[in-house]
Structure formats: C-alpha cells, structure tokens
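Peer 1: What follows is the residue order along each chain.
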Amino acid sequence: MSQNLAAQINSVLAALILLTAFGLLVQRRIYGLLHIFAWQGLFLSVSTAVVGFTAGLHHLYISAILTLALKVFVLPYILYVLIHKLKIKKEVEEVVNVPTTMLIGIALVIFSYHLTAPIRELSTLVTRSTLAVALATVMLGLLMMITRKKAVTQIIGFLALENGLFFAATSATYGMPLVVELGVALDILIAAFIFGIFFFQIRTTFDSLDLKEMEKLKEED
Amino acid sequence: MTLLVVLGASLIAAVILAFVGDRKIAPEINILGSAATFVASIFLALEVYTGGPMITASGYFFVDAFNVYLSVLTAFVSMTTAVFSRRYMRHEREKGRVGRAGMRFYHAMFQLFIFAMLLALLTNNVGILWISMELATLSTVLLVSLYRTPSAVEAAWKYFILCGVGIAQALFGTVLLYFAAERVFGEGSAALLWTNLSQSADKLEPTVLSLAFVFFMVGYGTKVGLVPLHNWLPDAHSEGPTPISAVLSGLLLNVALYALVRCKVLVDGATGSHKAGYIMMVFGTISILVAAFSLLRQKDVKRMFAYSSIEHMGIATFAFGLGGPVATFGALLHMLVHSLTKSSIFFTVGNASQMHSTQEMSLIRGLVKGNPLVGWGLMLGVMAIVGMPPFGVFTSEFLILTAAMKDAPVFAIFFLVGLAIAFAGLFRKVIPMVFGAAPDYQVKIRAAHTPVYVHMVIMLILGLYLPVFLSDWFHAAARLLVK
Amino acid sequence: MKSVYPLLIEALQVLIVLVASPLLVGWVRVLKCRAQGRRSAGVFQPYRDLSKLFMKDIVLAENASWVFRVTPYIVFGATLMAGAIIPIISVDLPLAATADIIALVALFAIARFFTALAGMDIGTAFGGMGSSREMMVASLAEPAMLMSVFTVSLVSHSTSLSFMAHTLLENAIMLRPSLAFALLAFALIAIAENGRIPVDNPSTHLELTMIHEAMILEYSGRHLALIEWASMMKLFLFSSLGVSLFFPWGIAGADAPAMLPLAFVSLAIKLALVGAAIVVIETRLAKMRIFRVPEFLGAAFILSTLGMLSFFMLE
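Chains as they are written, first to last, in our numbering: chain A, 52 to 272; chain B, 156 to 638; chain C, 358 to 672.
Hints listed in this document are in silico derivations from the structure and should not be mistaken for laboratory results. For clarity, every value in this text was computed on a predicted model and none was experimentally measured. One should not assume that every hint holds.
Said to hold, decoys possible - Stretch-level coverage of chain A by chain C, calculated; a stretch enters the list once three of its residues show a Cβ under 8 Å from a Cβ in chain C: (1) 68–77; (2) 156–162.
To be verified - Here are a few chain B residues that sit away from chain A, every Cβ distance over 12 Å (derived from the structure): (3) Gln-354; (4) Ala-563; (5) Leu-619.
All residues carry an ideal CB built from backbone N, CA and C; glycine is no exception.
Can you build the whole structure from these sequences, using the hints too?
Peer 2: And the structure:
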C-alpha cells in the first residue's frame, strides 16, 4: 500500500469518524446510538490497523484488536444488556434541540481545526491532518454529554470522547507506547463496569435513569 | 527494592482485604498495610536523602526529593486515616449505614486508592501518571456512593463524570506531549519518561507544549479542584464517608497538583517563558476568592471544609505558578501542612457529626461540653487552617505572601482578601459548634483521637521550627522545579 | 467548424433536456410499478400525459391576475435556461462560461418564486399553504445546496459548472471525503427540491401533505403541461448535475466530438441508475411529517458543511 493511498484511506476513515460523531448527536433512538457508536469503534479500529500497516508498527495491531474487541463488541453489548434489563425508554431526550446542537457542533469542529493548525504545520506524518478531527470528536463527545438528559446517553458521549482520544493518539503520533495503551484500555474497561454498577445504583435510589432527578446538590442550600 | 515494597504493600493489602471482607480483623489489616507502606516510604526517603535522586533500571520509576516527600506524606496520612476509620466505620456499620459488602468494598478500595496515588507519585512515565490518576478516580467513585443515599449517588455520579471528562483532557495533553517528544527521542516509552523530557525540555516544540499545557491544566486542574472546574469536589467530600473525605482532600488533591506541576516544569523548559505560571496564578487566585466566598454560605460542615480545601489548593497552585525559590518552597510546605491539617479536621468533623447524627452545622453544638477532645481538636484544626501563627500553615502562607508581594503585588491583594474572608467565615461558623450548651440529642461515641493529635503536634512543630532535614528537602525539591 | 461546434453542442443539449426529461420520469414510474408489484403504463406515458394536457382548454379562475398566467412560461423558461448551463453530455458549453453555479441556483429560485406567487394569487387555502411550505423548504435547502456545490468548487477552484466537471475529469482518481459528504448532501437536497419522497409525494393530492402539488392545484391545460414538463426537466437536471459533478467520467471533453456518442450512452446508463436509486429510496421510505423536514434539510446542511470542513482539514 503506498503512503499516498494510505493517507487517503485514513482521511476517509477520519471523515467517517467525524460523521459518526455527528450521527450520535442527531440520533434519537437509544439502540440507534449504540449502533452508531459501534460503527465509530469499527472505523477507529480499521484506521489504527491501517496506520500500523503503513508505518510498520506492529504494536498498533494490538491496539486495533483491543479497540475492536472493546469498542465494537464488549461495550455496546454491555450497554445493550443494561438498557434491556433496566427497561430504559428508547427515546433520547435532549436538553438543547438537535439543530442547535448540530450548529454548535460545527462551531466546535472549526474551533478544533484552528486549535490544531500550528501542530499540523510541524508534523511530518501522513496522518497529521486527522488530529483536528480527533479533537473535534473529543469536543463533540463533550457536547453530547452536556446536551443529553439520560445517564445512558451521557455514557455513550463519554465513550465517544474516549474514541476521539484514541484516534488522537494514533493520528498524531502513530500510537502511544504499548504500556500506556494497555493501561488506558484497562481504565476504560473498569470505567465501563463502574458505569454498569452505577446504573443499578441510580435505578434503585431514584427509580429512573433521568438525571433531572439528580439536582439536589446545588449551591443554593 | 524499597520502592517495590512501597508500591506492593498497599496492593497486596488491597487483595487480602478483598478476601477478608467484613471480618473483625479487616480494619487491623488495613492499618497494617498502611503502616508497612509508611515504614517502607521512610526507608525510601532515607535512601533518597543520602544518595540523591534515583531511577530504576527500566526507567519506569523515578524518585527525587519532590515526589518522595509526597509519598511519605501520602503513606503517613493514609496510615492515620486507617487508624481513624477503624472506629469510625465500626460506628457506621453498627448504625447500619454500610452493609457487609460495603465494608469489604471500603477496605479493599481504600488500599487500592493509596496504591494508585503512590503509583502516580513514583512513576517516571507521563502516560502511567495519567493512568494512575484515572485509577485513583475510579477507585474512589464507588466509595463516595457507599451510603447509597440519593444525594450520595448523585455526588458520585457527578464526581465520576466531571473527573472522567476532565482527566480525558489530560490524556489529550499527554498525547500532544508525546507527539512533541517523539520528534526528539523517537518512538517508544523513552519519549514519555519524565527524566528524559525534563533534561531536554528546551528541544521540545514550544507551540505544541503550550497547547498541551492548556489540556493538562483543564484535566489535572479538575482533579485539583480549581475553580471553575471544582463542582464535583464539595459534593464528593460531603457525601462520602469521612475517612474518604479526609484522603480525598488531604492526598488526592495533592497528587493531582503534583501531576500538574510536573507538566508545568516541562512546558516552562520548552517555551522558556512564564506563560504556564501565569495561567496557574490566575486559576489559583480565582479559586481562592470563589472558595472563600462560597465558604460563607455553607450549611453542611464537610461541604464547608471542602471549599476550604479548594481555597488551599488555590493557594498552592498560585504559589507554584508564581515560581521562584521562595514561593516554590512555600508551596511545597503548604501542600504538607494543608494535607495534615485538613485530614485532622475531617477526622474531628466526622466524630462531631457522628455525635449529632447530622452534618448540618446549625445542629452541631457544644462539642467541648460533649467531648472536649473532639471540641478542642476541631478548634485547633480551624485555628491552624486559617493560618494562625503557631501552626505550620502560617509559615507557608507567610512565605507565599512575601514572594507574591515582591513579584506580583496585584495578585497579593486578592490573595490577602481571600484569606481574610476565609478566616472570618470559618471562625464564625465553627465557634458556635465548639462552644455553647450541648443539645440533648448529642450522644457519646468511641472515637480515635490519636490521629488528630498526632497531626496537630506535627503541625505545631512545623510552625515553630522547620527541621533541617525537611528544609534541605524542600530546597532540593524547589531546585528541581525552578530552573 | 471550431466556433460552430460549441453552439451545436449547446443546441443538442437543450434538445436532450426537453426530450429526455419525460423519459426519465417515465422510467422512474415504470420501475416503481415493478417494485410495488403493479403493472405500469410504459415508459412513454409522460409524453402522452403532456400532449393530452396541451390539447385541453385552459380554465382560469376569475380573480387570476397576470402573475398566474405568466408563471408557467417563466418557470418553463428558467428551467430550460438552467438546462443550458449544466454540462450534460459535454463540458464544451458556451453559456456555461457566462453563468456559473450561483446563477444556476438563482434560476431555480426564480422559478420557485413565481410558482409560490402564483399559488397565492388565486387566493385558495391550498395555494397559500403550499406556497408557504415550499418557501420553508426552499429557505433551508438553498444554503445547503450552495454549500454542497461550493465544496466541489473548492476542489476544482472554480464556480463554473463545466470547468468543475472538467477538473474532476482531468485529475487522477482520489478518495475525497469532502466530495463524498457533498454528494450525500446533494442527494438529500435533490430529493427535497424535486418534491420526492420522503419530503413530498409528487403523485398524491392528499390535502395535508401536499407541498408542490398544492401550489399548482389551480392550473389546467397548457399551463399545467408547461409546469409539469418543467418539473420533469428539473428532476432530469438535478440528476444530471449530480452525475456530472460527482461522476463526470464519460462526458465529452473539450473539442472532442468523437466522444459524443459515448457520452450519450454513458449519460443514459448513469441516469437509469439514478432513477433506480430514486425508486429504491421511495419504496423503502415513508413520507416524513412536515415538521421533520427542517431536520432533514438540517442534516443536509451539516453534511455539506462537513464536506467543506473536511476539505480544509483532511485534504
């Protein structure tokens, strides 16, 4: 595979990741969110593998497989089971309406493009231009966490944010050292389990997964 | 070898405690684990004190004056907290606020949390630093929700989400740092080792590091509890069990600040300017002021002292941002004295709220009548934390203030205003709690007073006279941080 | 010869637009009938419909003003003009040099403006409702359309349609995420502009859902024939615009008359495929509620903006 073609494939994957990040903002059904999230993980994993192949870095294959296992199968499955078991309502409820969220999203993309512009000048890697996309994905995940009411959707936003971070690690630097990547993956896995425990705790204490209920701790007391 | 014991003791204790569960000896094992860690850390400190900074063969661990002192502090406070929590948690267990599974979980996670903090302090790899910070968050999240009340679950969720998002920003910063370092050191772990990075910080790309610092500031700053990223902190401190509030406030905030300062050294080296310092000074000053004003409006006692922690972290951040040998010395001392004082305050506050079965300050009255040791413990603690002369906080704040007067007089004014408000606010709230008639709903409890008074004595010693070995230590650490 | 050739092409192209557009509509209808298991009236049914309408008398409402009467001609003329500047079989179009993509959007806007005026002119409830809905759709679709086509013009550094097609033709094939986004957005907009499912349904006169049909409800005879023909041309033009912007391969280059037969064949194949795609979309999807249309077009706008952004960010 030539460098040029690899760069092109990578930018297509980057565009797809960005598209899925917007998809997460637009999607109104919870199962739909899970699907989009799984797709995002898949694109991420493929892009990691492509980078690993072109750069000849074999440890990237391990992180690609890790991503594939965690982000495409394990986490969506856990969430699916949780949603099914807790009988969560299947509609996403938003704080800010979808078109406005999308416009803010576009502004965030432009912002991250400007923020990463000086770095792009420096880098010599074929994947350098995807750093802006990675940062944008992080920002969009953050936006999703802010603008959605339910705990589940916040989690998906959080995981999408992590996807963006992983993508930043592969796109800006051809992957962090393996020890770090393994540690990060472990942390995410633990976090996912804690999320699971939390769902049950919130469910049993509040009888719903709506974060509206959680507004006791405010500063006005 | 000593290093291995320092890290291993708490990890092994965590595993053992996970199996021991809710047996009678669990608290003793907890204390034993922390004591072993503390003894090992003393030996490690002696090694560093006599032999200078050391680095393991693999390069993954690195001990210098800065982190070894924090490790000793962490091990010490965790030990006294373990002693305190023995009786405290037994009381909670008897009242039925925590179940069997809860106790098992509490002990195991306590040790895991200590392990995560020590790992964060001792590692040389900036990536592992991030991982262990995240681990420290994860291990305490479910401790905050231990009581399973709606507000505890809410606080834990807030803690989890805000710190999770915050720390994710720090990972982005780490990626950027690695990106810059890779161009100097090439691929692999070598490019993330702090020793390598700090040696050739001037070769790192300044634009990238400036950007990275913004992310570090947001990320680790969230964990330090700097305003405006502090929202999780008062909730997590007020809703979790008191021993956890004590270690969160006394230790975790310090470790987060440690991470931030390590990053700042690299950024300063790369940019050759004081930009990062200014950012920290601004964040620090805002934290001092906002926290001081928020103190005044609190009704929950633990919440109030949580805001006091934000204030003091603001002071330390400000001092590190100010830079210079005096301010850095003051900041290091401040981290030490704040940690000791604040954890002892949380101990007495925990006892006081157990006596009254509430954390509402308006309902806690007449502590001196009910239990003089608790009452005077709180009074002394508050006197120490607001910076009254014979205690250590006075020394550190005085040092920082003199440095600020000289280098940044404008900031010094805000700094003083913040201190004065916090002083007045804390006293106004605490004096009615300590003195006055004891209400009829007050009950007697069996409490551990040793940790409180051990901390107080150390505080007093530090205020009156700084031992030579300690000041040598701080000088060495300050030299590391001020280029 | 040199100077006559482009003129010939121009004339040929206008002729193709006029003649072939009912054929495309017929093809879509035939395919749709097949897909839904019905028997079709054949590919040439639209011609028969048109000639029938041309032979009928015009019935005018009493209060119809000159706007109502003149609109069909303006709509037809504007659409035909648009047909003259879109490169359909060759990039060698003299008119394309004078009118670029912005002019194209303006031509469609003129046609729409007059249709909406005519809808309100009679004063019936349906006409006004249709006009207001049409304007709502248009106000959202036009910016998205411009963004989408601007992405292509960023890639080719020109706003002239024939030059854009030409550049894409000359350059080596590349994977361009920006163009993919722009194409997707363009497809969504084309659906909305032509009033196809899921935005509007051209084949019903159901009161509550009509958009385009509601505006032209009062037309009859020759006038209706012209408007129907214009909307057939519009579908044809949008299809061939999409094809020539995003898949220009096969179109005849400059000064290459020998390529014309091939261009003709490739155009036929490509449009047949577009027709099939329309049928697939229309049989798979149900018409959406009118309140969801802004979101649909919002998505198109986001997609086209993403296309433009990814041109800057990734290419």
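Peer 1: Hint by hint, say whether it matches the structure.
Peer 2: Okay, the hints, checked on the actual structure:
no., hint, verdict
1, 68–77, "holds (count 4)"
2, 156–162, "holds (count 4)"
3, Gln-354, "holds, 18 Å"
4, Ala-563, "holds, 29 Å"
5, Leu-619, "holds, 39 Å"
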